[in-house]
Amino acid sequence: MEENSNKAKMHSPISERMGFVALMILQIILFMLFAVFVRYGKAALPAEVPGLFQEHVSKYPHFQDVHVMIFVGFGFLMTFLKKYGYSATGYTLFMSALIIQWTILVKGFFHMYDGKIELSLEHIIHSDISAAVPLISMGVLLGRTTPIQLLFMALFEIILFAVNEYVTLEVLSICDVGGSITVHAFGAYFGLAVSFMLRPKKEENEPGQYEAPTYTSDLFAMIGTLFLWIYWPSFNSVLADGTAQELTAFVLSTMMSHEKKLDMVHVQNSTLAGGVAVGTVCNLMIGGHGAILIGILAGSLSVIGYRYVTFRNRSKVLLGRNRTISYHKTHKQLRDRNRLDISSQAIVIVYAKLRLHDTCGVHNLHGMPGIIAGLGSIVYAYLATKEDYKYDLGAIFPAMASQPKNLTSNHIIGGYERSARAQAGFQLFGLFMTIIIAIVGGLIVGLVLRCTCFRKLQKEEQHQDELYWEVPEQKSE
Amino acid sequence: MEENSNKAKMHSPISERMGFVALMILQIILFMLFAVFVRYGKAALPAEVPGLFQEHVSKYPHFQDVHVMIFVGFGFLMTFLKKYGYSATGYTLFMSALIIQWTILVKGFFHMYDGKIELSLEHIIHSDISAAVPLISMGVLLGRTTPIQLLFMALFEIILFAVNEYVTLEVLSICDVGGSITVHAFGAYFGLAVSFMLRPKKEENEPGQYEAPTYTSDLFAMIGTLFLWIYWPSFNSVLADGTAQELTAFVLSTMMSHEKKLDMVHVQNSTLAGGVAVGTVCNLMIGGHGAILIGILAGSLSVIGYRYVTFRNRSKVLLGRNRTISYHKTHKQLRDRNRLDISSQAIVIVYAKLRLHDTCGVHNLHGMPGIIAGLGSIVYAYLATKEDYKYDLGAIFPAMASQPKNLTSNHIIGGYERSARAQAGFQLFGLFMTIIIAIVGGLIVGLVLRCTCFRKLQKEEQHQDELYWEVPEQKSE
Amino acid sequence: MEENSNKAKMHSPISERMGFVALMILQIILFMLFAVFVRYGKAALPAEVPGLFQEHVSKYPHFQDVHVMIFVGFGFLMTFLKKYGYSATGYTLFMSALIIQWTILVKGFFHMYDGKIELSLEHIIHSDISAAVPLISMGVLLGRTTPIQLLFMALFEIILFAVNEYVTLEVLSICDVGGSITVHAFGAYFGLAVSFMLRPKKEENEPGQYEAPTYTSDLFAMIGTLFLWIYWPSFNSVLADGTAQELTAFVLSTMMSHEKKLDMVHVQNSTLAGGVAVGTVCNLMIGGHGAILIGILAGSLSVIGYRYVTFRNRSKVLLGRNRTISYHKTHKQLRDRNRLDISSQAIVIVYAKLRLHDTCGVHNLHGMPGIIAGLGSIVYAYLATKEDYKYDLGAIFPAMASQPKNLTSNHIIGGYERSARAQAGFQLFGLFMTIIIAIVGGLIVGLVLRCTCFRKLQKEEQHQDELYWEVPEQKSE
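These protein sequences, in sequence, are chains F, U and Y. Mapping the first sequence onto the UniProt record's numbering, position 469 (from 1) lands on 469, and the numbers just tick up by one. Mapping the second sequence onto the UniProt record's numbering, position 194 (from 1) lands on 194, and the numbers just tick up by one. Mapping the third sequence onto the UniProt record's numbering, position 386 (from 1) lands on 386, and the numbers just tick up by one.
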């Protein structure tokens, strides 16, 4: 401990202070861009006639729900590591605050009106939701990057995200109301690609010293889990009765877990997988039973993923009592004990060989469920008929309607009278393109982070707050 | 510790895995029932004409408030035990998710339309509120049952609850807007009856080894307390200015506590008693002072209950520093020190003789305040006049109106022109019947749990997560 | 530890029980005042015609947001001390519940109608917001007073606050929509004045033994921080896109902190400073960039304040690893290491000489940002034109309109056709008057608390729960 912190101090160079000066400059640049390009939208301007208060009132509670998800939900979900709680909540706060400003600008450039970006509550809600994208990628890398690396990644990621979202939703006109494809799958595969570029050297390919929870840190993570779960329907924007998913996750968790016990990690993350998986299709006619079915599928896959695919990364967590057993021995033991079938073994080997770390198991929580959502949307789009959806068809699939859909006065989409079959094809293409853009973008960003002058964390500096935070001297439990 | 967990492993039989297979099958059965019986209600269907969005918007924030209460509120309220935090939050999540689905079906069967249950936001809100019923009963039993036992209890309890609610609210047409009678009193006495059947053997009638809080676990419980308290008016469905109750509880807490100190247990639970007590009458003309008076009464009774009636169960908590003193000696000491009056002594003896454990003190938080609410509703119903309530009379007491009240198109209640005196009589009968049904139902369920093949927890397995959860090896504070 | 608690027991006199009897009497007096003076307002009364439900629905989510801020936000924000979590959350709950009742009465007396105070949701929201005032003052004194002292202070402070608010908002008709002047600055300077009167003896002028956080307590405080931050726009009552402030705080925090690390204290408190600073002007035409600029200013000042002005009080926190170094030596060391410029040194010396303790750094979080908000409002009022504000001018600056503004039927303000320049002058005068009243009032209350029979806490009794709470015996982490 003492040596660690001494070492940390030695590593803490002038460049750190420079990094934060850069941050301050970035904030001032954002201020100037706002001054030049942003003005209040009509709805936020003083009323020329009364009665415009209404829009604000009706969307405001929604806005606050998403806000709670981003700041309390994501922030506390990532506090599960024993010595990384300050960073998890602090970086979430600082990243999101910056990213929301940045996204207002980046997304605004696609819909400028008279050379200005119009600021409305809806625009801020969209930017709030976008803040989830780099937070998801941050979950993959949690504890293995500096805040400056995270910030660089986030700035670049948001640009790519905005381009991809513009193309998929407005050019291709696919349906993705809960953002499962464009937000969750994008963020997950982008983060995994960055993580691949930042993979550890072969001889360091072991779980970090502090990569494990405590009893208290897991309860803090449960705060995040519950608030994310509660407000998920707000994120998915409609009445979605997704109470099924986490029961399934719960059941699966026990069925999968060796020693037949419940694992807090499964509960924390798998409960949320159903919410992601139902996102894209949640305004379609899936019915209560459809929601439950998607929940069962997503929860099952998520827990299976944790058990067989990701255990490389969380083995310290799973091991618990067997700390003294060396890592490779344990790896083999676990494999034997669980009698992995051949395909699962293959995946485990790929993971081990790829050295692809995923601290929060984002692939199981956002990646795979996002793909499930995308596949589900293909099926439902294929089955969509004018008879089932009536007047809502144009709202849900604007491209299938004969009239374009007015988003704002200078912003219309759809109206191509596209067939259900064609729409299904577009959904597939959109899903495919999103994943490709995410992976390629992530590889590039990872390469930049790896090969340039960014300060990298040493193995023993990872997963702990001490390097960047004043931590009380007392045994941090 | 080591021995304990070894023992736990030995006890963990094949039947555990079977239990969770049964859970998965249950979830699949629920899925199939939804597929056959449930369809979206008109309000949730695609619009044939625009303008139906309104209902969703106006009730949605309410829905989220209740959701926060159920999952964050109840979940964290029960984390006060030092080694039972994972179970408290995890089981709350898993039970509620299942129960909400189950309640949609069970309550739906009472109001089927054309052979189908119509799914609406209102229906889901009602089911959410119903999830509180088994959670209240779970509070009585906290730490002394397996999750499978809890689940069995909940499934059966919901059926009885739905029947009782149907009879009291629709057949008898009594007023209970906040559910103090049908939700809180029912859940409390049902749980106490189950607890009575599961009472420990005479020689094991002592507080459990882990039946005590830590500093940190009590703060986690405070998260639950505060969110329950904050959103209580949402639960009670109307503007209820119930700020009085917890001041009283606070004051009483100190007045009662030996050594004249505040006890976190009192604050956590007694603050909420006022919310229960005001539930039934909160849409009646009680005035601000009426709310304060009910708060004073409920808070006082609740703290008195803790101090004199329930201390059997929490004595380990109250004792704190005197751990080494043997239980029976302490019991006597406490009795002497507090100079209990004769009636209180009698109750204590009944409790001690009955061996009726109540881990969370649910009787003080939900049982007694529910009865206060019921008694209050009798008084206010007796005093209700057409002059005071004007157009609202039919909404509040549908049976007293001359026109029946339309709940939905195929669902009307009331319109009997019942007198105020008769209404008061019906309120009394409804309260009485609810408690009887709860106690008889609880005794039956308890008998089944006791006498059949359900796995029971041994004394040393109680109040700790280890048996069913992967717990980090570190000192689990 | 043992000695401490023994000592605590010895100090706990009969007068404690008397104090709580007094509390109970106070609650009963409040009940009687409610019975005599308060009745439901028209909006809360049974409908004579349908349609009045609307007002309730539209303001209710707002109400709940403020409620979460007061009880969860303030409550948990103050849990950062290692042994004061029960008191922080418990006293917040008990003080607020009392104060909300008291404020309904005190503020109601200014607008009685027919000898009665009309209770409406809006009135309760205003009283909820007012509960923040004594909570802010409590932050200054945290851990150094008894609950009875706090309560006495709060009762008196609310009267002064209500008078000052009446004069500034209705007589002077200044604009302060988010309450930065009348709530935050008032509460901060009132608390600082009380703290000055309760300053320790020279020989005891050192940080308390328990005046430091733990890793866990700082994470609990983060719960409060995040909920306060999230719902701040609700407190400020309008769409305020204040995402800028805490980024700035974050950046500044690192720039200022010795050893170039982030400090949880800065994040917790400085993130909120921007919300205070934007409060007064948040319904003015400041634009997105204006909000960011105010955030940058407030966050910077707040962190600078922590670093150079308040470190006297939190030096134990800042020191962390250097516990063994004696206090005065460290003080000098810190001063040297940070090369304080002369003016900052002067302030530090004034602080050290004044012995003005400020446990939560309220001056940086509420005091200075409140003044910034007031100064900003002067500028914006000076620049306000009929062209910019159109129909909203009368709503924002009622005094500048030609028609008075109807708040309720018996309550109109403004309509003086005041010029922008005059309005700016009134804003300045209002700010000045508020601070004077707060300081003078605080000095008087402090004098009463110091010189009368109120029980005072000894140095070793401060900043710990044991004196008034049953604390679990286990090592309180």
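Quick caveat, the hints were computed from the structure, so don't treat them as lab data. Please note that the accuracy of each hint is not assured.
Pairs involving identical chains hold if they fit within one copy or between any two copies, as the list cannot separate such chains.
With a cut-off of at most 25 Å between alpha-carbon atoms, the simulated SDA-like pairs for lysine to any residue come out as follows [unchecked claim]:
1) K459 x P472
2) K386 x R39
3) K201 x E122
4) K456 x Y389
5) K107 x Y382
6) K459 x M433
7) K116 x D388
8) K201 x Y416
9) K107 x E417
Given a CA cutoff of 25 Å, do K456 and Y389 count as a within-copy pair, a between-copy pair, both, or neither? For K456 and Y389, neither the intra-copy (53 Å) nor the inter-copy (51 Å) Cα distance is at most 25 Å.
Between the shortest in-copy and the shortest cross-copy C-alpha distance, which are at most 25 Å for K459 and P472: within, between, both, or neither? This pair counts as both: shortest intra-copy Cα distance 22 Å, inter-copy 22 Å.
As a check of your reading, is K107 near Y382 (CA-CA no more than 25 Å) within one copy, between copies, both or neither? neither (30 Å within a copy, 34 Å between copies)
Regarding K201 and Y416, is the shortest C-alpha distance of 25 Å or less found within a copy, between copies, in both, or in neither? Neither: 52 Å inside a copy, 75 Å across copies.
Can you tell me if K116 and D388 fall within 25 Å by alpha carbon in one copy, between copies, both or neither? between (40 Å within a copy, 18 Å between copies)
Could you figure out if K459 and M433 sit no more than 25 Å apart (CA to CA) within one copy, between two copies, both or neither? neither (35 Å within a copy, 58 Å between copies)
State whether the alpha carbon distance between K107 and E417 is at most 25 Å within one copy, between copies, both, or neither. Neither way: K107 and E417 sit 27 Å apart in one copy and 42 Å across, limit 25 Å.
How do K201 and E122 come out at 25 Å by Cα distance, when the copy is not named: within, between, both, or neither? neither (45 Å within a copy, 56 Å between copies)
Can you tell me if K386 and R39 fall within 25 Å by alpha carbon in one copy, between copies, both or neither? Between copies, since 19 Å is at most 25 Å while 40 Å is not.
Of the numbered hints stated above, those contradicted by the structure are hints 3, 4, 5, 6, 8, 9, listed in ascending order.
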